[in-house]
Amino acid sequence: MQVAELIEKELILIGATAIEDKLQEGVPNCIQTLSRAGIKIWVLTGDKIETAINIAYACNLLNNEMKQFIISSETDAIREVEERGDQTEIARFMKEEVKKQLKQFLDEAPQYFCSPSGPKLALVIDGKCLMYALEPSLRIMLLTLSLNCSSVVCCRVSPLQKAQVTSLVKKGARKITLSIGDGANDVSMIQAAHIGIGISGLEGMQAVMASDFAIAQFRFLEDLLLVHGRWSYIRLCKVVMYFFYKNLAFTLTQFWFTFGTGFSGQRFYDDWFQSLYNVIFTALPVVIVGLFDQDISSSLSKKYPELYKEGVRNMFFNRRIVAIWACFAVYQSLVFFYFVSLSSSTSRDSDGKMFGLWDVSTMAFTCVVVTVNLRLLMMCNSITRWHYISVGGSIIVWFVFIFVYSGIMTRFDRNDNMFWVIYVLMSTSYFYVTLLLVPVAALLGDFLYLGVQRWFFPYDYQIVQESHKDDADSINAPDSQETKEHLTPDEARSNAISQLPKEVSKHSGFAFDSPGYESFFATQFGKYVPPKAWDVARRASMKSKSKPK
Amino acid sequence: MGVIFIPVGLVTLRASHCVIFHSMVVEIVDRYDIDCVPEPSRMDKVSYIQDDSIPKNCSRFMKVHKYMKAPIYIYYQLDNYYQNHRRYVKSRSDKQLLDGQKYRDTSSCQPVESNNNRPIVPCGLIAWSLFNDTFEFIREGAELKVNRKNIAWKSDRGHKFGKNVYPFNFQNGTLIGGGKLNPEIPLSDQEDLIVWMRTSALPSFRKLYGRIEEDLDVDDVVVVNLMNNYNTYSFGGKKKLVLSTSSWLGGKNDFLGHACVFVGCSSLTLAIIFMLLHALWRHELFTLEQEKLFRVIRTRSTYI
Chain H
1 MQVAELIEKE LILIGATAIE DKLQEGVPNC IQTLSRAGIK IWVLTGDKIE TAINIAYACN
61 LLNNEMKQFI ISSETDAIRE VEERGDQTEI ARFMKEEVKK QLKQFLDEAP QYFCSPSGPK
121 LALVIDGKCL MYALEPSLRI MLLTLSLNCS SVVCCRVSPL QKAQVTSLVK KGARKITLSI
181 GDGANDVSMI QAAHIGIGIS GLEGMQAVMA SDFAIAQFRF LEDLLLVHGR WSYIRLCKVV
241 MYFFYKNLAF TLTQFWFTFG TGFSGQRFYD DWFQSLYNVI FTALPVVIVG LFDQDISSSL
301 SKKYPELYKE GVRNMFFNRR IVAIWACFAV YQSLVFFYFV SLSSSTSRDS DGKMFGLWDV
361 STMAFTCVVV TVNLRLLMMC NSITRWHYIS VGGSIIVWFV FIFVYSGIMT RFDRNDNMFW
421 VIYVLMSTSY FYVTLLLVPV AALLGDFLYL GVQRWFFPYD YQIVQESHKD DADSINAPDS
481 QETKEHLTPD EARSNAISQL PKEVSKHSGF AFDSPGYESF FATQFGKYVP PKAWDVARRA
541 SMKSKSKPK
Chain F
1 MGVIFIPVGL VTLRASHCVI FHSMVVEIVD RYDIDCVPEP SRMDKVSYIQ DDSIPKNCSR
61 FMKVHKYMKA PIYIYYQLDN YYQNHRRYVK SRSDKQLLDG QKYRDTSSCQ PVESNNNRPI
121 VPCGLIAWSL FNDTFEFIRE GAELKVNRKN IAWKSDRGHK FGKNVYPFNF QNGTLIGGGK
181 LNPEIPLSDQ EDLIVWMRTS ALPSFRKLYG RIEEDLDVDD VVVVNLMNNY NTYSFGGKKK
241 LVLSTSSWLG GKNDFLGHAC VFVGCSSLTL AIIFMLLHAL WRHELFTLEQ EKLFRVIRTR
301 STYI
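As they're listed, the protein sequences go chains H and F. Note that the first sequence ends on residue 549 in UniProt numbering; no numbers are left out. Note that the second sequence ends on residue 304 in UniProt numbering; no numbers are left out.
In short, the hints are calculated from the structure, not lab data. Fair warning: there could be bad hints in the mix.
SDA-like mimics (lysine to any residue), calculated; alpha carbons at most 25 Å apart, straight line [what the hints assert, rightly or not]: (1) Lys-207(F) x Phe-431(H); (2) Lys-207(F) x Gln-254(H); (3) Lys-309(H) x Gln-462(H); (4) Lys-90(F) x Gly-262(H).
Taking the hints into account, I'd like the entire structure generated from these sequences.
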């Protein structure tokens, strides 16, 4: 340092360079939307604490109203101990400090928590302190404190610590974690989380290669989670529930039959029907639903990020939903079996001939296929022409199959085959009456349930659907200019205020690399900040004092 | 939602049809298996039915309570008879029915496959248990002509039972299960057998016996001379004779009529209720302005 001071004097300032590492476009909006969706966002960065705090302010993660808990290793007390140089003493002292601070903040936190309108909490922690805080003895306190905070900023963290923090939340809090990063130092974090996302960009492709999903810009995370993630959850729930339902309805119909056969195990359906049920007659429509179903459009999904919480709460695949579907499957199977068998006990064609076992079972199977496919149409949120094609197609394929199957009799058939069954059935008017009656009777219960649920106990997404059902297809809400006339005076005032330039925060989003000029700039603002030991300005001023000889 | 109202409307239309047809079919049912057992044998009906020396003829009276238009179908109804039992349904050989003795692989017909080392045609329990009660109908002294042709499905007669296959070694064993077959008549013309071999779905079923081509007036008394040959006494089964007219929907079926009416009415009620709800009571949640909607969604979703 002293040699540098000997050399660097009487220099002429020519210019200054600065590096601007700008935030990507749309990041603050994205983070704000995601936190509205109930997703907690933590920042783990290798930058120093001031930079990290400034970035957090720029991103809307921190603001002036929040109560910030700062655990930093750059306090005076720690610096003093570090200057003494004794490693074990440093370690012990830092651990004590961290423990003390954690305890203090943990005690303070509940009072803010209790009042719902109180300030939110934020935690800022340094890499060195994190090293001690992640030890088994302090880990639980750290986890509890950080889970109570709405945002957490960790600065000066090494890649290993990033992974450790992620694992801490993943295993300790048992929440789903998502890591997003763009550099090679984020790779361990990306792999430690449940879902790792790499941003492909200027820093190379290491993060992308280690990740589960790769996106091009940070703001696409909003689309990924709120639109595609949400749709994916809804589609998956629907597909799984429907699969169980249709197989339950199909199998239980046979089950009720066993009560009438003396429990001998006689099949109700033909073998081919059973095998092809899941392969041809009911497979394609549910695949179409799983691919194309959208409950609300993508722009609306981003407009109401709170709808994401439906997935977090697992509202569409829990015990209650499964029980309801199972009940309806049981009810429908009862309808299928008893309607068909009781009504066919005296039904006959125009010439008085009675139906046999295979006629009744073909009738029942036709009703099952038709009803189950129609039920799918009832549970879709969006119907495209592919839905109609696949549902209609499945039913038509069933008829084509049974026409072919019962029209052919070969040497290789099993005993008592289905020869001519469907033609016999379709020559009776009983067939058409039952084909109309049974699906309606079976779906009556579902229709009633869905109607009542949607009308009296709607889900959030259904409310959004109904209020926006008159909107134009792809265009979202009308321009805000148009809605101004409909606002009350109060709302107009608050609208106008929010459009004024925001108050200037003392954190401007810029941070300087060297900490030594803080006191210098502080004096420029008219504030007195006691200079720190490493303050360059102080050293410079000291040197100049001792200079005169 | 509106799309669902349409089939609902259709169903209600049908409900009116159901009410109409419900009353058009006339049916007379007579259970005869208990009453046709003569007094001394009432204690041990099984030995009565198995004893060939006791004559099995019996006379029953059926009174017509409503005008019945020809053709009138004659059915025999069996209750507690499990034609849908797995071992029973399995016990036949369709290939043998087409090919006769030439076809050798009749193992599915066990134990009624062969007798004294000679194959049985048609083999299997279904054929072995052929129903063999016979009925004759007399009205005012004159016999009513019963048409016993064309009582089996045409597809069965034409394609499932061979025209050159004759019964062979049939019902020759020690255990008699049912009726005998005339070995001179090919299987495709043995309509009773064909009707019997179309196994039914439920333990209580009817099978067509024949047709009466004349009308029956109100208060006609039909005398039925029947031969009570078939043994349903060993397992507590019931035998009934049914005379029935037919409508476009089939026989008399209370269930179908009631189901029709019920489904039609409930669908109509639901349709009306939902239409009223939509038209009159615009749900307040669904017509909120956007600002309020934001707030509602936000407050609803904070309960995590």
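query = If you check each hint against the structure, which ones fail?
reply = Violated hints: none; all satisfied.
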